[in-house]
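Chemist: Sequence order for the protein chains is A and B. 149 is the number that this note's numbering gives to position 149 of the first sequence; each next residue is one higher, with no gaps. 195 is the number that this note's numbering gives to position 195 of the second sequence; each next residue is one higher, with no gaps.
Calculated from the structure, these hints are not laboratory results. It should be emphasised that the depicted structure is a prediction, and the values quoted were computed from it without experimental measurement. Quick reminder that beta carbons are idealized off the backbone N, C-alpha and C, glycines included.
Anything over 10 Å on all C-beta distances counts as not near chain A; from chain B, calculated:
# : residue
1 : 134
2 : 146
3 : 230
4 : 251
5 : 260
6 : 331
The following label-pair restraints were derived from C-beta to C-beta distances:
#  : chain 1 : residue 1 : chain 2 : residue 2 : range
7  : B       : 134       : A       : 93        : 32 to 42 Å
8  : B       : 251       : A       : 151       : 35 to 45 Å
9  : B       : 68        : A       : 116       : 55 to 65 Å
10 : B       : 73        : A       : 66        : 54 to 64 Å
11 : B       : 87        : A       : 93        : 16 to 26 Å
12 : A       : 51        : B       : 251       : 35 to 45 Å
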Amino acid sequence: MNRLVWSTLFVLAACGSQDDRPLELEYLTQAIFAPSCGPAQCHSTFKQEANNVFDTPEGVRRSLVENGLVRLGSTKYDPDDAANAELIIWITETDPFGLGKGRMPNDAPLPNQDVYLLREWIEHETPGAQCNPEANDGKACDNKVVVQCNADWTFGTRVMVCTGDCEQGKCL
Amino acid sequence: MRALLVIAIVAAFTGAAYAYPQFQMSKDQTCAGCHIQPDGGGILNENGFATAEAVSQLGMPPEFMYGTLDLPDWLALGGDMRSVAGYMQTPQRYLAFIPMQLEAYAALTFGNFSGHVTVGYRPPEKDNELATIIWSREHFLQWQQEEGSEGLFIRAGRFMPIFGLRFVEHTIYTRRYGGTPLFSDTYGAAVSYVKPKYEAHLTGFFKDPLIDPVRLGSGGALYGEYRLDERTQLGAGAMVEISSYEQKYRGEVTAKYYIPKPEILLQAEVQLVNPHVGGYGYRQLVGYLMGTYFANDYLMIDLGLGHYDENIRIKNLDRDAVDLNVHYFVMSHMEVMFIGRYELMQFGNGGPSGAYAMLQAHYRL
Numbered sequence: 001m002n003r004l005v006w007s008t009l010f011v012l013a014a015c016g017s018q019d020d021r022p023l024e025l026e027y028l029t030q031a032i033f034a035p036s037c038g039p040a041q042c043h044s045t046f047k048q049e050a051n052n053v054f055d056t057p058e059g060v061r062r063s064l065v066e067n068g069l070v071r072l073g074s075t076k077y078d079p080d081d082a083a084n085a086e087l088i089i090w091i092t093e094t095d096p097f098g099l100g101k102g103r104m105p106n107d108a109p110l111p112n113q114d115v116y117l118l119r120e121w122i123e124h125e126t127p128g129a130q131c132n133p134e135a136n137d138g139k140a141c142d143n144k145v146v147v148q149c150n151a152d153w154t155f156g157t158r159v160m161v162c163t164g165d166c167e168q169g170k171c172l
Numbered sequence: 001m002r003a004l005l006v007i008a009i010v011a012a013f014t015g016a017a018y019a020y021p022q023f024q025m026s027k028d029q030t031c032a033g034c035h036i037q038p039d040g041g042g043i044l045n046e047n048g049f050a051t052a053e054a055v056s057q058l059g060m061p062p063e064f065m066y067g068t069l070d071l072p073d074w075l076a077l078g079g080d081m082r083s084v085a086g087y088m089q090t091p092q093r094y095l096a097f098i099p100m101q102l103e104a105y106a107a108l109t110f111g112n113f114s115g116h117v118t119v120g121y122r123p124p125e126k127d128n129e130l131a132t133i134i135w136s137r138e139h140f141l142q143w144q145q146e147e148g149s150e151g152l153f154i155r156a157g158r159f160m161p162i163f164g165l166r167f168v169e170h171t172i173y174t175r176r177y178g179g180t181p182l183f184s185d186t187y188g189a190a191v192s193y194v195k196p197k198y199e200a201h202l203t204g205f206f207k208d209p210l211i212d213p214v215r216l217g218s219g220g221a222l223y224g225e226y227r228l229d230e231r232t233q234l235g236a237g238a239m240v241e242i243s244s245y246e247q248k249y250r251g252e253v254t255a256k257y258y259i260p261k262p263e264i265l266l267q268a269e270v271q272l273v274n275p276h277v278g279g280y281g282y283r284q285l286v287g288y289l290m291g292t293y294f295a296n297d298y299l300m301i302d303l304g305l306g307h308y309d310e311n312i313r314i315k316n317l318d319r320d321a322v323d324l325n326v327h328y329f330v331m332s333h334m335e336v337m338f339i340g341r342y343e344l345m346q347f348g349n350g351g352p353s354g355a356y357a358m359l360q361a362h363y364r365l
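Could you put the whole structure together from the sequences, leaning on the hints where they help?
Modeler: Have a look at this one:
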């Protein structure tokens with residue numbers, strides 16, 4: 001039994017452990033967004049290419065929410081279909097949206113494991129980058145529910161449940 | 001079948017001139033042996049001019065503007081222009097033209113004191129283009145103990161924290177992921193002590209409060225090199241950087257070994273990085289090994305191997321690159337360079353591969 005335990009531990013150590021990286025905006029910014037998307041000449045605080053900033057948590061949340069790279073309203077609720085979130089399309093498809101800008105990052109590829117982690121983060125409703133408290137009177141849509149947006153860009157208390165769709169903090 | 005998209009992109013890679021660490025140990029013992037800054041880069045000194053002339057095919061007077069301007073002794077001027085064009089695959093395939101660098105330098109020396117400034121093009125900030133297309137990447141005051149390239153140097157102003165081997169190519173992993181990425185020059189103060197046998201550099205730096213900067217943290221860097229003999233050098237360093245949301249601790253070792261025949265320089269840099277964010281700490285590994293073959297007086301060939309592991313505990317996050325650079329020093333002011341890279345994620349099992357093959361032109365004023 002001991003031999004089995006030790007050999008299992010050895011194999012795990014040799015191969016690297018399971019992906020238990022935190023699904024937190026700060027970690028994703030430091031480990032993935034900043035080095036891959038936020039170099040100086042791209043989506044950095046310094047350059048702000050296409051009005052996206054990916055080298056700070058503040059920049060990432062603002063870019064994702066305000067530029068619609070991840071959508072959490074009910075007309076396009078990305079957690080149910082994370083592979084088709086704009087953010088994921090930009091980093092996985094050739095010629096995203098036919099804009100001729102190319103797949104991102106356009107200076108070096110992104111490991112699949114990072115793409116999977118971002119997809120998982122979207123499936124968990126992008127904690128840390130859910131809504132802008134300064135927009136739409138501080139209200140936002142969590143699928144078909146209007147919620148108050150917290151100061152840290154997370155969903156807060158429920159305001160109302162929409163009978164139809166919900167977008168930009170309002171029932172349609 | 002994946003479509004081939006061929007487009008021109010501008011400013012995906014931009015650049016700035018630092019020194020050629022390939023010349024340390026092969027041409028001179030220290031960077032300061034050829035540059036007026038203790039960590040290399042920027043304007044050349046007399047020995048640097050002589051080296052520039054000696055390593056070029058056509059020679060030509062190596063001084064600023066070919067020595068046609070009679071500059072006073074207290075004034076040194078310089079400049080660099082670079083652009084690159086070629087093929088990129090990330091994995092999408094591009095044809096790219098990239099204006100990299102257009103910078104002028106000045107250094108004014110009065111006794112032991114000198115003032116240094118660079119002015120040039122930078123990639124402009126979105127929606128603030130007019131105000132940000134020109135900048136001064138470096139400007140600092142320097143005091144040096146002795147005339148020449150040895151002794152104590154103290155600097156204050158804006159410059160790159162001194163850390164590691166300081167390769168020119170910012171795409172090299174130990175620069176991109178290793179604490180000195182492109183345009184991460186910032187304000188601070190540095191104390192350097194340089195001797196042929198050894199050198200040490202201590203830099204304290206802080207986030208630039210005047211612009212939207214690349215380096216978003218403040219901290220310090222310590223780097224030292226010891227030359228065991230005329231062929232062998234060992235180095236070590238540490239860097240701490242703290243920003244509003246993260247802390248990064250780096251430790252590194254470097255080494256150089258020069259083989260006079262057949263004129264090969266081997267150099268390596270390995271960093272262990274310990275980033276912390278929120279309550280989570282982890283480790284990264286960044287390494288680069290370069291072998292440089294000086295084929296003749298004007299041809300320098302680099303073969304490099306890079307490794308970067310974004311999070312050592314997690315599998316399938318390794319990134320490896322093979323680089324081939326061929327430098328042809330046409331004349332003392334001009335270099336044409338082929339740069340090539342093939343890059344794999346987890347040896348091809350962790351994602352798409354990347355590559356580029358480009359020609360770079362570099363003109364030094």
